[in-house]
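A.B. asks: Assemble the complex: chain A is given as a structure, and chain B must be docked to it using the hints.
2 protein chains.
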Amino acid sequence: MAKSATTSTAYTDALRAGEGFDLAALDPRSTPGFDGDKAAGEAALAGLGKRLAELQERLYAESRGGGTRSVLLLIQGMDTSGKGGIMRHVVGAFDPQGVEITSFKAPTDEEKKHPFLWRIRKALPVPGDIGVFDRSHYEDVLIVRVHDLVPPSQWSRRYAQINDFEATVAESGTTIIKVMLHISSDEQKERLAERLERPDKHWKFNPGDLDERAHWADYQEAYQAAIEKCSTEVAPWFVVPADRKWYARLAVTNLVLEHLEALDPQWPQADFDVEAEKRRLSLMP
Amino acid sequence: MAKSATTSTAYTDALRAGEGFDLAALDPRSTPGFDGDKAAGEAALAGLGKRLAELQERLYAESRGGGTRSVLLLIQGMDTSGKGGIMRHVVGAFDPQGVEITSFKAPTDEEKKHPFLWRIRKALPVPGDIGVFDRSHYEDVLIVRVHDLVPPSQWSRRYAQINDFEATVAESGTTIIKVMLHISSDEQKERLAERLERPDKHWKFNPGDLDERAHWADYQEAYQAAIEKCSTEVAPWFVVPADRKWYARLAVTNLVLEHLEALDPQWPQADFDVEAEKRRLSLMP
Numbered sequence: 032m033a034k035s036a037t038t039s040t041a042y043t044d045a046l047r048a049g050e051g052f053d054l055a056a057l058d059p060r061s062t063p064g065f066d067g068d069k070a071a072g073e074a075a076l077a078g079l080g081k082r083l084a085e086l087q088e089r090l091y092a093e094s095r096g097g098g099t100r101s102v103l104l105l106i107q108g109m110d111t112s113g114k115g116g117i118m119r120h121v122v123g124a125f126d127p128q129g130v131e132i133t134s135f136k137a138p139t140d141e142e143k144k145h146p147f148l149w150r151i152r153k154a155l156p157v158p159g160d161i162g163v164f165d166r167s168h169y170e171d172v173l174i175v176r177v178h179d180l181v182p183p184s185q186w187s188r189r190y191a192q193i194n195d196f197e198a199t200v201a202e203s204g205t206t207i208i209k210v211m212l213h214i215s216s217d218e219q220k221e222r223l224a225e226r227l228e229r230p231d232k233h234w235k236f237n238p239g240d241l242d243e244r245a246h247w248a249d250y251q252e253a254y255q256a257a258i259e260k261c262s263t264e265v266a267p268w269f270v271v272p273a274d275r276k277w278y279a280r281l282a283v284t285n286l287v288l289e290h291l292e293a294l295d296p297q298w299p300q301a302d303f304d305v306e307a308e309k310r311r312l313s314l315m316p
Numbered sequence: 032m033a034k035s036a037t038t039s040t041a042y043t044d045a046l047r048a049g050e051g052f053d054l055a056a057l058d059p060r061s062t063p064g065f066d067g068d069k070a071a072g073e074a075a076l077a078g079l080g081k082r083l084a085e086l087q088e089r090l091y092a093e094s095r096g097g098g099t100r101s102v103l104l105l106i107q108g109m110d111t112s113g114k115g116g117i118m119r120h121v122v123g124a125f126d127p128q129g130v131e132i133t134s135f136k137a138p139t140d141e142e143k144k145h146p147f148l149w150r151i152r153k154a155l156p157v158p159g160d161i162g163v164f165d166r167s168h169y170e171d172v173l174i175v176r177v178h179d180l181v182p183p184s185q186w187s188r189r190y191a192q193i194n195d196f197e198a199t200v201a202e203s204g205t206t207i208i209k210v211m212l213h214i215s216s217d218e219q220k221e222r223l224a225e226r227l228e229r230p231d232k233h234w235k236f237n238p239g240d241l242d243e244r245a246h247w248a249d250y251q252e253a254y255q256a257a258i259e260k261c262s263t264e265v266a267p268w269f270v271v272p273a274d275r276k277w278y279a280r281l282a283v284t285n286l287v288l289e290h291l292e293a294l295d296p297q298w299p300q301a302d303f304d305v306e307a308e309k310r311r312l313s314l315m316p
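Protein chains in written order, with the numbering used here: chain A, 32 to 316; chain B, 32 to 316.
Only chain A is shown next, with the shape it has when bound in the complex (with noise of 0.2 Å):
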């Protein structure tokens, strides 16, 4: 069936990390894709939810007609990046029927005596689905890179190993839309101080969070191998300039979107006789 005519790869194209993928020269303030101010993103934003709404059902109701397609979503960041709202304000704006957010902590003791990407295979996405991953597989080559966690043999083998799984999943049949929210130190530091500032945000502050902000340098060095080495065919890279938290919103819900119209999922033919049961239906009280 022909796509669309409003299907847009632009916000695809503008975030892909490439060849030749700079971290350190991507402006965290910049609005890559779209050339409008606060207002203009927010009423962008608003103007995507009926057209979702409608992919996202579709994918969804492809499965039950034996579709195997689903959409995994990861979301990596620094300390305030603005994962929490992107959780709330993009992934929220879904059906919640057909999403699945699995949020990767330190891992477990039964984690630990599993490989790394043991407990990432438990939270792919159902047929249907659209997976969400806040954190995931990359902080076994972010956090454990800057602190050694384990040794840099074994973490830098890991790089090759994440993209024979992620090929893996691709084939399969699972969309994986992989994002990074890039803020500035300073930003990260203004957001840190109003946490600190107001006690109904104390609980999302912790004095680790300063210990890590200390190591900014060797988590950016990290970001930026994680992202060269594993931004592949199957699976890029996509970087989201975060320091304006209302156009990485906008910019991680067009990535969705406009992965959801390639897939153009459809929906399912009847497996039963219509008209028969139409039939059925008006004979009864």
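Careful, some of the hints might be misleading.
[Stated by the list, open to error] Result set (DSS-like, lysine-lysine): computed pairs, CA atoms no more than 30 Å apart in a straight line: (1) Lys309/B / Lys220/A; (2) Lys136/B / Lys81/A; (3) Lys69/A / Lys220/A; (4) Lys235/B / Lys143/B; (5) Lys81/A / Lys232/B; (6) Lys81/B / Lys276/A; (7) Lys81/B / Lys81/A; (8) Lys235/A / Lys220/A; (9) Lys69/B / Lys81/A.
Hint data in this document are derived by calculation from the structure and do not stem from the laboratory.
C.D. replies: Frame of chain A; chain B shown alone:
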């Protein structure tokens, strides 16, 4: 701490199935607790979002500070009664990070090997979460009773087992909100006809839906029995007239809101030295 001045129990009081409740006497087109029309109802619903978001975040935050309270919203109703719409429009308005929907279908082979409450226990909400059941253990005294899927001596014991179970759940800190979406037979006929009329709704239809419709009176009797026997002090039933979808959504949202207001969850205290952390942050580059 004193309850907010806006705390209301209007819907809780209007919809609670109390002593002598009679399902057949409740008009599915009525709008208890609300005397406006559809437009007014939609406006009223939109106005609840902010308060609901804050209360949900407080409940979630409270659990991060060690709180153990949670909410369980359980939705039952005949086919086409609007369960999916409640998931999309009511549950979809919550922050998805604190929500877990469990959809209970016909039990799997593994589930059949266990007592009927086994799969229910596994799906109970964790502290801070709003758990949502799309169908529930009540199917074990509804479809199971209508079709005698187990001997009557067995299903008839389940009402007491359910009451014991729910009492334990409530005791552990979970506020249980049990909702039946009450539609008329005529309304179901119209909604099934619409599913047959529209190709984009065929995937929601199953010829078995008409077989079940033929048992309408038996189901009403089974609902009456479940509500009568299991509307307890700690876990009452709320019966929501649902022929008007806008009203059902408004009513269920208000039921959740009123229960959250009664819980009155609190921001947790910081467990670190706020001023010391502010100084540390200010000294960082």
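A.B. asks: Could you tell me which of the hints above the structure violates, numbers in ascending order?
C.D. replies: none
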